[in-house]
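*Asks:* Keeping the supplied structure of chain H fixed, place chain B upon it in accordance with the hints.
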Amino acid sequence: MRNDGERIQSLWGILPVALFLATWELVGRFNLFPGQFFFPPFSTVLEEFWHLTANGVLGENFFSSLKRVLIGLGSGSVAGILVGIVMGWKDVFHKALHPIISLLYPIPALGWLPLLMLWIGINEMLPITIIFICSFFPVVYNTVTGIRNVDRKYIQAAETLGASNPRILFSIVVPLALPNIFTGLRLEAGMSWRVLIAAEMVAIPTGIGALLIRAENLVRVDIIMVCLIVLSAMCLLFERVFSYLERRCTRGWTRAA
Amino acid sequence: MSDIELVNVSKHTCRDISLKIGDGELFAIVGTTGAGKTTLLNAVAGVIDYTGSVRIGGVPVDARSPQERGVGYLCQDPALFPHLTVASNIAFGLRAAGCDRAAADRRVSALLEWMRISHLAARYPHMLSGGEKKRVALARSLAPSPKILLLDEPTSSLDPQTARYLRSELQDFLKTLRITTVHVTHDLGEAEEIAGRIALISNGTIEQVSTPAELFFSPSSASVSEFIGMPNILECARSRTLASGLLEFVSGANLKLILPCDGAGIKRISIPPDAVSIVGARPAGHGLNRFRGRVEAITPHNGLVRMRVSVEGESLLSELPTPAFRELSVEKGDEVHVGIRLERVRYDPS
Numbered sequence: 001m002r003n004d005g006e007r008i009q010s011l012w013g014i015l016p017v018a019l020f021l022a023t024w025e026l027v028g029r030f031n032l033f034p035g036q037f038f039f040p041p042f043s044t045v046l047e048e049f050w051h052l053t054a055n056g057v058l059g060e061n062f063f064s065s066l067k068r069v070l071i072g073l074g075s076g077s078v079a080g081i082l083v084g085i086v087m088g089w090k091d092v093f094h095k096a097l098h099p100i101i102s103l104l105y106p107i108p109a110l111g112w113l114p115l116l117m118l119w120i121g122i123n124e125m126l127p128i129t130i131i132f133i134c135s136f137f138p139v140v141y142n143t144v145t146g147i148r149n150v151d152r153k154y155i156q157a158a159e160t161l162g163a164s165n166p167r168i169l170f171s172i173v174v175p176l177a178l179p180n181i182f183t184g185l186r187l188e189a190g191m192s193w194r195v196l197i198a199a200e201m202v203a204i205p206t207g208i209g210a211l212l213i214r215a216e217n218l219v220r221v222d223i224i225m226v227c228l229i230v231l232s233a234m235c236l237l238f239e240r241v242f243s244y245l246e247r248r249c250t251r252g253w254t255r256a257a
Numbered sequence: 258m259s260d261i262e263l264v265n266v267s268k269h270t271c272r273d274i275s276l277k278i279g280d281g282e283l284f285a286i287v288g289t290t291g292a293g294k295t296t297l298l299n300a301v302a303g304v305i306d307y308t309g310s311v312r313i314g315g316v317p318v319d320a321r322s323p324q325e326r327g328v329g330y331l332c333q334d335p336a337l338f339p340h341l342t343v344a345s346n347i348a349f350g351l352r353a354a355g356c357d358r359a360a361a362d363r364r365v366s367a368l369l370e371w372m373r374i375s376h377l378a379a380r381y382p383h384m385l386s387g388g389e390k391k392r393v394a395l396a397r398s399l400a401p402s403p404k405i406l407l408l409d410e411p412t413s414s415l416d417p418q419t420a421r422y423l424r425s426e427l428q429d430f431l432k433t434l435r436i437t438t439v440h441v442t443h444d445l446g447e448a449e450e451i452a453g454r455i456a457l458i459s460n461g462t463i464e465q466v467s468t469p470a471e472l473f474f475s476p477s478s479a480s481v482s483e484f485i486g487m488p489n490i491l492e493c494a495r496s497r498t499l500a501s502g503l504l505e506f507v508s509g510a511n512l513k514l515i516l517p518c519d520g521a522g523i524k525r526i527s528i529p530p531d532a533v534s535i536v537g538a539r540p541a542g543h544g545l546n547r548f549r550g551r552v553e554a555i556t557p558h559n560g561l562v563r564m565r566v567s568v569e570g571e572s573l574l575s576e577l578p579t580p581a582f583r584e585l586s587v588e589k590g591d592e593v594h595v596g597i598r599l600e601r602v603r604y605d606p607s
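Chains H and B, in that order, give the protein sequences.
Mapping to my numbering: the first sequence position 105 is 105, numbers consecutive.
So the mapping is simple: my numbering equals the position in the second sequence, first residue as 1, plus 257.
If you're looking for bench data, these hints aren't it; they were derived computationally from the structure.
Beyond 10 angstroms from chain B on every Cβ pair, some chain H residues (computed): (1) Ile8; (2) Asn31; (3) Ser43; (4) Leu237.
Rough simulated footprint, nothing fancy, chain B against chain H, three-plus residues with beta-carbon under 8 angstroms: (5) 148-156; (6) 159-167.
We treat Cβ as the ideally placed atom computed from N, Cα and C, and that holds for glycine.
Just chain H, same shape as in the assembly:
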C-alpha cells in the first residue's frame, strides 16, 4: 500500500499536466488566442483523434511510420553496436575507422536527404535509410566510448583467470559497456521519430509526417495537433522502453538501479 507521501508526490506529477490541458481547453474554448480557428480546444483535438482513429487514417499512417522507425532504428542500432564493439576492442579498427566516423557523424541526418533522394529515389527505403544513419553514428560513438572506457583492471583480472579474448569481450567488456550503449540507444530512439517525421513531411506520401503536411495544406490545426501528440507520445515511449531495458540489463550491479 502506498503511503500518503507517495500519493502526494504522484499528484504533483499529474497536476501540471492537468493544469496545462485545462488552460489549453479554456484558451481554445473562449477564444483567448487570436483566431479560434487556429487554436482548437483540447476536447476538439481529442474528438478529431477519435475520428481519425475510427476511420483508420491515423492507424494507417502511424503504422507506416512505426514500421520505418523499427526497421531503421533496429538495423542502425545493431550495425552501430557491432561496428562500435569492433572499433572499441581492436585498436587497428579504431585507427582505421575513427577518422571516417568523425567526419560523417556531425552531418545532420536530414542533411543526407537530398543525396539519398537522388541515390535511392522516393520510396520506403528513403526514410528507413535516414533513420539508419540517424541511429548508426551516435550508437557507434557511444559503444566505442563504452568499450574503451572499461577499466583495464577487469580485463587483466579476466586474463589471469584464463579467459579467452572472445570470452573477455562478451562476458566482461560488453556488459560493462552496456550503460554507455543504452545511452546512445535511448537518445536515438526519440531522435529517429523526429527525423522520420521531417523526412515524411518533405518526401514521403504516407506516415505521420505526411499526414501532418496534408493537414497543414488543409489548415486543419486539430489534425496537426493530433499528429504532434502522437509524435510526442512515441518519442517518450521509445525512450522509456530503452530506459526500462537498460534497467533490466544492468539491474543489481549499478548502484543507481
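*Replies:* For chain B alone, coordinates are given in the frame of chain H:
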C-alpha cells in the same frame, strides 16, 4: 613442479632482477612504494612486457599469455567484475577453463564455505565491504586451482583490524593450500608472519633474500638495515635461566637484560630503536632493564630524532618523535635514563 625463476628481468624501475622461488614456497617481496614489487608480480603473471626471462617449473613462459601461465593473481585492487554476483565472479575462471556449470557450482560452493563467505554468494561487489571484496577476490584467484598464487598487498586499503584478521586467515589458507605463493607487501611484519623467505627490493634491485630472522639479524647493507628500522643487534656473550620463562642475557659489552624467554639458547637479540626509551629523570618502579647512559649523538630523521646512547659499554640507537625529544630537552654528552621495552625485541635462537 611450480617453482619460479626470474632471470635478469627488467621493466620500469626493476633492473636485472634474478630470483628463485621454490616449489610450494611461501615467499614475500618487501619494499617501499615504487620499489618495483608490483612490476615483478606483473612480469610473473605476464600482464606486462618485460626483458629477461621468467621460468615456471623450469620452462620459460615469456612467450605465453597470462591465460596460459596458470597463475592466480590477486591484485591490490580486487577488481571484482561489478556486473557479476560473488558466486559468478568466483565461477568465472572455472567456466573460462571449460568446467561445466554443475562442477563449477560445486567448486564455488566449496570455496565459499571454506572462506566462510557463503552468505555473500548472491551479492554484487558494490554491496561488499573492503575485507569481503578481498576474500572474494582470493576465492576467485584460487577457483581454477592455479599452480602459483601472486598476492599484491592483499591487506592494503583495509582498516587495521580487518587487515589483521584477513592476514591471519590468509596464513591459514596458504598453509592448507601449499602452493607456490609470492606475497608482495610493504609491511615487514606481514611478510615475516606469512613467508618463509623474504626478498627486500629497493629502487628496482633486490637488496637481500633471506629468512626473516637473517633479515633482521644480518642485514646485508645499510639500506636494508634502514628499511628494517635500524635495529640494535646485541650478540649474546652468555646467558642463564633465572626462573621458568626468565632469562638473563649478557651482551658482549656486558649489558645485562632480563628477557621473558624460555631456554638458554639465544645467539643474539634485535631491539628496534623505538623500543629504547629515554627519560631525563630516573623513572619510578623496579629497575629491571633500566640503565644509566650518556648521549653520544643526536640526528634528526624523517620527523623523528635518533639518539645514539652509550649504555654499559653498548652503543644503542633510540628513536623518538620530535615533540617528545623537545620535551626531553637533552644535549650531546648529557646523562639520561634508558629503558628497554621488551614486547618488540626479537630473539635469534642459537
